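Once you have looked at the hints, place chain B on chain A.
Chains as they are written, first to last, in the numbering used here: chain A, 1 to 114; chain B, 1 to 111.
Hint data in this document are derived by calculation from the structure and do not stem from the laboratory.
Some hints could be false.
Stated by the list, open to error - Examples of chain A residues toward chain B, derived with CB under 7 Å: (1) 42; (2) 90; (3) 100; (4) 105.
Being a predicted model, the structure only gives us computed values, none of them experimental.
The beta-carbon is built from N, C-alpha and C at its ideal position, and this holds for glycine as well.
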Amino acid sequence: DGGITQSPKYLFRKEGQNVTLSCEQNLNHDAMYWYRQDPGQGLRLIYYSQIVNDFQKGDIAEGYSVSREKKESFPLTVTSAQKNPTAFYLCASSIGLTSGDGYTFGSGTRLTVV
Amino acid sequence: GQQVMQIPQYQHVQEGEDFTTYCNSSTTLSNIQWYKQRPGGHPVFLIQLVKSGEVKKQKRLTFQFGEAKKNSSLHITATQTTDVGTYFCAPLRAGGFKTIFGAGTRLFVKA
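If we strip away everything but chain A, and leave its shape as in the complex, we get (with noise of 0.2 Å):
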């Protein structure tokens, strides 16, 4: 079955150390997105890309870096430089950045900070 696939599901980081949670997908979609969402609030784009080595920042990318080398895989580095970090952090794809079909969401890694 085709989808996304984010790892780890949970994560538990020291302050001052960088992460990277993982985002795969093999829906062979061209547009993939980092979200942020916090307890009880909508979704705040971090990153997104339209096509491999290529990326964008969204809204709140300050504290965050993505790569996009495979079109499949979409990586986010949480760094020591993000404030709060803790928080809910989805991924997501599409055909494109205006597709009809929607977003494919990952079932998201919940990284706390501790």
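Frame of chain A, contents of chain B only:
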């Protein structure tokens, strides 16, 4: 930037009652998508509306796009406990290329 407001923030209903959430934009939209996120889960795509005044139905769910393409609504008839979750609208601004998400309406259904 594009502003989108989703109301209400929360809604408590008795099972069998109807429910409606509204999404209002300050700018004209190219299209609007709706998603549902179950508690502890991830958003799942429900539908996309594109045309002015468009109405689409999925069983007990009715989606509408305003005539001016600046607002949309999701109506659930006779809610069931399986409807619990947060419903997000995700509009794409006319001429834009980046979908944004509303803050969502969280639905609680009491059996």
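Here is how each hint holds up against the structure:
1. With a cut of 7 Å, the hint placing residue 42 (chain A) at the interface with chain B holds, because the nearest CB-to-CB distance is about 4 Å.
2. Below 7 Å, beta-carbon pairs count as interface contacts, and residue 90 (chain A) has one with chain B at about 6 Å; its hint therefore holds.
3. The interface hint given for residue 100 (chain A) holds, since its Cβ lies 5 Å from the closest Cβ of chain B, which is under the 7 Å cut-off.
4. Contact between residue 105 (chain A) and chain B, as hinted, is supported at the beta carbon level, the nearest pair being about 4 Å apart and thus within 7 Å.
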